[in-house]
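Relying on the hints, combine the two individually framed chains into one complex.
Chain by chain, the residues run as shown.
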Amino acid sequence: MLRIPPHHPIQLPLGLVIWAIWFVAVYGGLSVSCALAAPDPAAGPLTPINALLGLLTLVVTLFLLAMARYCWRGASAPEAGEHAFIARLAGAAHVIAAVSTLATGLPILVLPPCV
Amino acid sequence: MTTTVQTREKVWHNPRGWRALTVVSHTNIGRRFMLTGLFFFLVGGLMAMLMRAQLAFPDQAFMSAEIYNQLFTMHGTIMMFLFALPMLEGLGMYMVPKLIGARDLAFPRLGAFGYYCYLFGGLILLSSVALAMAPDSGWFMYTPLSSDVFSPGLNSDFWLLGVTFVEIAAVTAGIELMVSILKTRTAGMSLSRMPLMAWYLLVTSVMVVFGFPPLILGSILLELERAGGLAFFDVARGGDPLLWQHLFWLFGHPEVYIIFLPAAGLVSTLIPVFARRPIIGYRALVLAVITTGFISFGLWVHHMFTVGIPKLAQAFFSVASMLVAVPTAVQIFAWLATLWAGRPRFSLPMLWIFGFLVVFVFGGLTGVMLALVPFNWQVHDTHFVVAHMHYVLIGGMLFPLVAGIYYYLPLFTGRMPSMQLGRWGFWLFFIGFNVTFLIMHFTGLMGMPRRVYTYEAGLGWDIPNLISSIGGFIMTAGVGMVLLDLVLHGRYGRKAPANPWQGDTLEWTLRLPPPNWNFDTLPTVNSRHPLPVFPGHNTDASTEPMPSWLPDMSHGRRETLGCHPVSGKPVSTIHLPGNSWWPFVCALSLAVLCVLLLIRAYPLAAASATLSVALLSAWSWYNGPRKAHALAPSDPDQPPLHFRGLDSPGLWGANAGLMASGSLFMSMLFGWFYLWTVAPLWQFPEQTPLHWPLLTGVALLCSLAAWVYRRLLTPPKQGLTRSVLLIAGAGALALMLLATQIRLAPLAVREQAHDAILLVMLLYLLMHVGVALLATLLQARRAALGLVSAELPYELPIVRQLWRYAVLVAWALLLVLIAFPLSWGVY
Numbered sequence: 001m002l003r004i005p006p007h008h009p010i011q012l013p014l015g016l017v018i019w020a021i022w023f024v025a026v027y028g029g030l031s032v033s034c035a036l037a038a039p040d041p042a043a044g045p046l047t048p049i050n051a052l053l054g055l056l057t058l059v060v061t062l063f064l065l066a067m068a069r070y071c072w073r074g075a076s077a078p079e080a081g082e083h084a085f086i087a088r089l090a091g092a093a094h095v096i097a098a099v100s101t102l103a104t105g106l107p108i109l110v111l112p113p114c115v
Numbered sequence: 001m002t003t004t005v006q007t008r009e010k011v012w013h014n015p016r017g018w019r020a021l022t023v024v025s026h027t028n029i030g031r032r033f034m035l036t037g038l039f040f041f042l043v044g045g046l047m048a049m050l051m052r053a054q055l056a057f058p059d060q061a062f063m064s065a066e067i068y069n070q071l072f073t074m075h076g077t078i079m080m081f082l083f084a085l086p087m088l089e090g091l092g093m094y095m096v097p098k099l100i101g102a103r104d105l106a107f108p109r110l111g112a113f114g115y116y117c118y119l120f121g122g123l124i125l126l127s128s129v130a131l132a133m134a135p136d137s138g139w140f141m142y143t144p145l146s147s148d149v150f151s152p153g154l155n156s157d158f159w160l161l162g163v164t165f166v167e168i169a170a171v172t173a174g175i176e177l178m179v180s181i182l183k184t185r186t187a188g189m190s191l192s193r194m195p196l197m198a199w200y201l202l203v204t205s206v207m208v209v210f211g212f213p214p215l216i217l218g219s220i221l222l223e224l225e226r227a228g229g230l231a232f233f234d235v236a237r238g239g240d241p242l243l244w245q246h247l248f249w250l251f252g253h254p255e256v257y258i259i260f261l262p263a264a265g266l267v268s269t270l271i272p273v274f275a276r277r278p279i280i281g282y283r284a285l286v287l288a289v290i291t292t293g294f295i296s297f298g299l300w301v302h303h304m305f306t307v308g309i310p311k312l313a314q315a316f317f318s319v320a321s322m323l324v325a326v327p328t329a330v331q332i333f334a335w336l337a338t339l340w341a342g343r344p345r346f347s348l349p350m351l352w353i354f355g356f357l358v359v360f361v362f363g364g365l366t367g368v369m370l371a372l373v374p375f376n377w378q379v380h381d382t383h384f385v386v387a388h389m390h391y392v393l394i395g396g397m398l399f400p401l402v403a404g405i406y407y408y409l410p411l412f413t414g415r416m417p418s419m420q421l422g423r424w425g426f427w428l429f430f431i432g433f434n435v436t437f438l439i440m441h442f443t444g445l446m447g448m449p450r451r452v453y454t455y456e457a458g459l460g461w462d463i464p465n466l467i468s469s470i471g472g473f474i475m476t477a478g479v480g481m482v483l484l485d486l487v488l489h490g491r492y493g494r495k496a497p498a499n500p501w502q503g504d505t506l507e508w509t510l511r512l513p514p515p516n517w518n519f520d521t522l523p524t525v526n527s528r529h530p531l532p533v534f535p536g537h538n539t540d541a542s543t544e545p546m547p548s549w550l551p552d553m554s555h556g557r558r559e560t561l562g563c564h565p566v567s568g569k570p571v572s573t574i575h576l577p578g579n580s581w582w583p584f585v586c587a588l589s590l591a592v593l594c595v596l597l598l599i600r601a602y603p604l605a606a607a608s609a610t611l612s613v614a615l616l617s618a619w620s621w622y623n624g625p626r627k628a629h630a631l632a633p634s635d636p637d638q639p640p641l642h643f644r645g646l647d648s649p650g651l652w653g654a655n656a657g658l659m660a661s662g663s664l665f666m667s668m669l670f671g672w673f674y675l676w677t678v679a680p681l682w683q684f685p686e687q688t689p690l691h692w693p694l695l696t697g698v699a700l701l702c703s704l705a706a707w708v709y710r711r712l713l714t715p716p717k718q719g720l721t722r723s724v725l726l727i728a729g730a731g732a733l734a735l736m737l738l739a740t741q742i743r744l745a746p747l748a749v750r751e752q753a754h755d756a757i758l759l760v761m762l763l764y765l766l767m768h769v770g771v772a773l774l775a776t777l778l779q780a781r782r783a784a785l786g787l788v789s790a791e792l793p794y795e796l797p798i799v800r801q802l803w804r805y806a807v808l809v810a811w812a813l814l815l816v817l818i819a820f821p822l823s824w825g826v827y
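As you go down the protein sequences, you meet chains A and B in turn.
The working numbering numbers the first residue of the first sequence as 1 and each following residue consecutively.
The working numbering numbers the first residue of the second sequence as 1 and each following residue consecutively.
Hints are computed from structural coordinates only; laboratory data are not their basis.
Take these hints with a grain of salt, some might be off.
Unchecked claim - With a straight-line Cα cutoff of 25 angstroms, these simulated DMTMM-like cross-link-like pairs (lysine to aspartate or glutamate) come out:
(1) B:Lys627 <-> B:Glu223
(2) B:Lys311 <-> A:Asp40
(3) B:Lys569 <-> A:Asp40
(4) B:Lys10 <-> B:Asp520
Okay, chain B solo, but in the shape it has when bound (with noise of 0.2 angstroms):
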């Protein structure tokens, strides 16, 4: 049967008015992620020029300590949670398959999800502004300051639980781009010949992975000891304020580079499309990428250098600060290199590259500076600190951001920017930004301390204040320009030619604006450089026509190449979930619950979580192989279906999830052996709360359930059903004995951070045990209906992974909570 437009069409379909709610495609999603982030931005925007106001001089009343508190706190929440990464991700999600030749990102459902998500928490949090009880102790949150003795009210708690279900979206999304990127990428594209932005996009999607939970784990805490009476980090109970330091640090620091590195590939794909040659350098390119992702999380006490740690540990985080600058550099000399090399036409996008080559290197010198120690401890909490934030983090996020959007416009709208508003644009943000910042290094040098709402007159900071805030007002005329622009160019715009930047990446074969589908045939590649467009540069590239994929739609499948993680070729035909309400209404049900704790109307709130995960559960039974349409013949020269195979997306995805909760997993170990080290009034309690039988029958139960699930992994014909529902029965037991544990441990969690921490532990435990006997039992049930057999295996190698990662914690539990302690004499 031929597939004309029309059945493209119909398959790719996506509803309008309410039903727009189910849209799950990756174009649409990412345009949504963007559109939000925009409007975050223009609120914490605002809020800066509030401040600005404020401190344009001094003695000013313009606004209450209490008001710059919340203002100073929700703009720098609002810039890292709710606008950059928000902004980069869903930038990236919009251009991943489009780059490497997909139709749809591996889970759209979930980057529907991550999206509902995001929107809700960023609402959430936003709503404290209008309720007056926005969070006022700084993006950070440092403990005591943001503990109930010194934050009494809800303004915490807006944070704490607006954040971490923002996270949420960030983690999901970061799943769903690593996946993408290793296992949907289209026939030929090996590694070496993948594009730079899907490297600096991979990377920072495995970041992200790591590098989020243990600000999550932080929030839980904080917010158990808020809410709950929990003693984590009081120091009275045995806790210590610094774990939150060391928690939400983990997270931070590599935060910088998480929104660094996307912005950083939109150089990488820029550069040598406007230098009219391939970049310089791409293995060392991709070398530095991953060694950033890794040295970024070894950074992070340098923002507690001054909280007493012995020198020789500050030395070693000193060393490594300076060390990420190296493979900063090689990425900045490379580029430069590209430039010199070619033939660089200087349109309005690399406008904005130039700016951030200025100004990104001007906030990686001052990085360095306070990379030193005594620097560090002259300026900390100064204002330098504040334009040094604002170099690294608007240079190397904001102008190749805006490059990258005038870049992608065509692609977005089909037409061009406006050369003219666009260098307004331009030029006003550059030296306003430049106004505002350069000159603030010297009000910090001064001795200007952040954070404060006021100043005296006469030290010497009434000028440049002045100076800085006439900085940022030109700045905002800038911001405006580029609106202007972008919002004149939807109507006024020229149309857009065929590659009209002259791109070398697949994403210009596409029309513009490219169709729901992206492509009609997936294509092949042989070289880096898809599109010839550098005349004797392609020199890898065949002249013979290349097959192309998936060209038949009439059975109504969605459907993308599924692909070697290595060489690219492709191995699978992966069937893409289409357009429902699950992921809306899941997100939603999570935010009433995010209320209702919020709130603290905890019985409704339970009843809330047994809804959220009852409607979980739902979505993850209608999905995969049960409609008609997704068995259906295809093309025996294509690939098979990825439901006839164990290697399928979702194990991917699972052991991505995997490996983000192992992340916060080690997070609460670090926490354990933190508090048991540093805390000055730790105690050991005289002997363990725990019952070693009852933990160690918990282990073997979950290791005898991992076990049978390997003999599974080749199906048998007949008793599925029955063998997966002993493995449920295993996995029953085991949950009961760990709820026996729990009940019959005397822990005093109000008392000690001790029993608190065992008790975090032992529910963590519990939670994976549970998830995966409910996951065993929905799997029992589809074995009966035949969902799941010996011709659909795929779903059992993922129930597995649960399996096998509580068989993990359990074992590990076993050791850190009973054995290691008692080996010390400590119990």
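Here chain A stands alone, though its shape is the one from the complex (with noise of 0.2 angstroms):
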């Protein structure tokens, strides 16, 4: 995904769907999880599916931060010229996109996964 040009034009909403595919994955995930084999709620958020599902938001999260990195560097380049306002604007997408899959994975920490 690396490989499409800073500033073509997919660039813009590539991050925040790669957000919207994390939230599918992590719901249906849970509720997939849950239905097959719910933890002890004793064991609070210390649950492998907890660990799973932290694990992917913190993938995805970085993912999103190079990408937002690959974009800006494109901004840059010298040959970007017009192309620039579509690059920065996606790298500040991505960012975004980073920025809400931390933040809505974050009550992976603290609460048990099936209660």
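Written as structure tokens, this is what we have:
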């Protein structure tokens, strides 16, 4: 995905599309995990489900931040020209997507999954 | 040949009388949307006043519980589906070509078709009131209350069929606006120079394309359950009523932002004009709009906090609900900063913007309160929620809408509004609104539930309800005053001078009111502010004379520029279709189908459906380069006609339509996995009822059709018809295999949700293969007649997309319905 040029217009929604896919994955993953093997509520947030969802959240956040860096570098390239507008905007959108992922995923640290 | 005014008028002529039904011009269609929306607003408002009269005093017998149920259901339905969105889409359709320097929208006939679908759907829905059979299960139609067991009459059917019909209009308008904004901007209008209003409408239209299909699917499933006995929402048969809530709110929450964003676009347009300086934070606003568009899809479960989902899942949606306030706040701060840095004029439109800022910020704050799960539980289903919702919707949509109408009034009529009447209208509305709904927060906090037709005296709700009712009537007086102003200004209003508000965007270069073709010649822009009204802020505007485009109309074609979606560079001349009966006739035919389904006359409905398909096919047939003038020689200095290339607006429209269908398909897959995981009595049969070789055959044949089409994108000089017929043969075989699959599968659709949802998915694939096959057969005939050829290739990639999508669905179904369940060992 990093191979898509930073000024390609698909970069504008891409970060938030990844956020949306992550969102569906954690909500769906949580529901399916709880239906298959709900852990003991007494374990609190220290469960394999939380660990997996948390790991996914971290990976997606870091990936989005890498994409933001890639776009911003592309925006400052001398040949970017008119396309710098898209690359800068896309970089900012990726950061927003990363922050949204991290913020939405924070409850994974403190809440038990299936209660 | 010189193009005179007479030539232009002849090419863009709009007939009067009964032939006015053939008019497709965006100006007329946009106005019709808005006037029809105004009519429905008044009907919905009347219902609200009846409800406030009933609630003004305790223990009133002004109306029965049954009538009250119908009123609150219809009030919400009318305001959301028949007023708010159609009104804003109508304004968008009216404004977009004028804002982006085009002569019309990309698909004028589609716009007219959408309008008639909206009109007929709205009338069908409204007729239920006259027949005393109005829907009465709430505007969200929760199952099982809306299911046949608890709503045995036709009430819910009116809602399901009428609203679905109206939603067709919403989706067509969404597709049309999206493609028009991306593909028909005037020369030089790159994305970075696009007016903010166009950005807002672009994001809104994408949201409509993705947001409406989940509800369309939900409505189809519920109607199939009610009329055909299929099991989707019935727990005893493996369904789950919560599936309806998910599908409804997957649409319902984005819908709030679908309504808010165009209105916010008006705010972003008006504030710089009246602050007399460019908006502060153009990029931040674009970013905020895109972010809002996405995050608003991740909030739907906050309407379902009390249904019993795990706290962690609730927390995801709670955080997302709070996150969406951030881009909204960014916009508010950008607007305030612009006002702060500018020299604001407090004209009439600004009065309504002021009202918006106050009311919407209040509504947004109570929205953040409601995003908190414990607070949400406390006030769930109370009048607090009613108050919040009205602060957001009226504050976020109606106030900016009225501001926008006043702002654009000189464009509509060429006259200025009365400041005196307008001010009276505003203050009555603003005061009345706050008296009604501010107090309603407290009524809710005191525990008064929603949707009760009366209450006992002495619970502490008497005085607040009386105050709310008085406020409601003050607000109505404000609406009356604004309407009076709008009616009188047409006769007594001062003639508008050129650019009366000193706006900076292209629409203010037009005559007031503008001609049907908007621009005599299409301009070139090199700045975000094509009109130099902000001294010292037009730094990137060149003083060189700019070229103008498409001055010649002597060929008789309606034309506009086709642009590169990013740079705005002209790449083609788009030939726009003229006035036609097809949109009206096709919408009428679908309306008849809708009524026949409603009264459950299924044999007649089948005949009507066949007729509708025939009419829609005929519409597609009598389109494109059929008439002599369509291919008449054009100016060699202008971009080539879009028929000559592969990248046409039709291809973009087909892709947008398939995206909408894809959203519906994803919702279907969600339903499958949701019921599988959550429905308590969901059952898999002992073995899969599907025959995998048949479905694999369908997928392979569709893949073959798509592959051959790919080779045709470089059309051969000879043998095109034969190749297209070969594809049609493969498609026909695929259709037969699929029909055999459906016929052979032992599906007990009335007994198990598993089988019912399987059938719906197979029928969905059947429909897509059928549409692709029909389009291919028509294309083969057109190729034989020379309407599709190496010189006129633009239709080929459009039909190819239909096959590519069918391929995607066929393989996805194989994976989801057969491979995945088998891998889990459930069969």
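Broken hints, by number: As far as the earlier hints go, 1 and 3 are violated by this structure, in ascending order.
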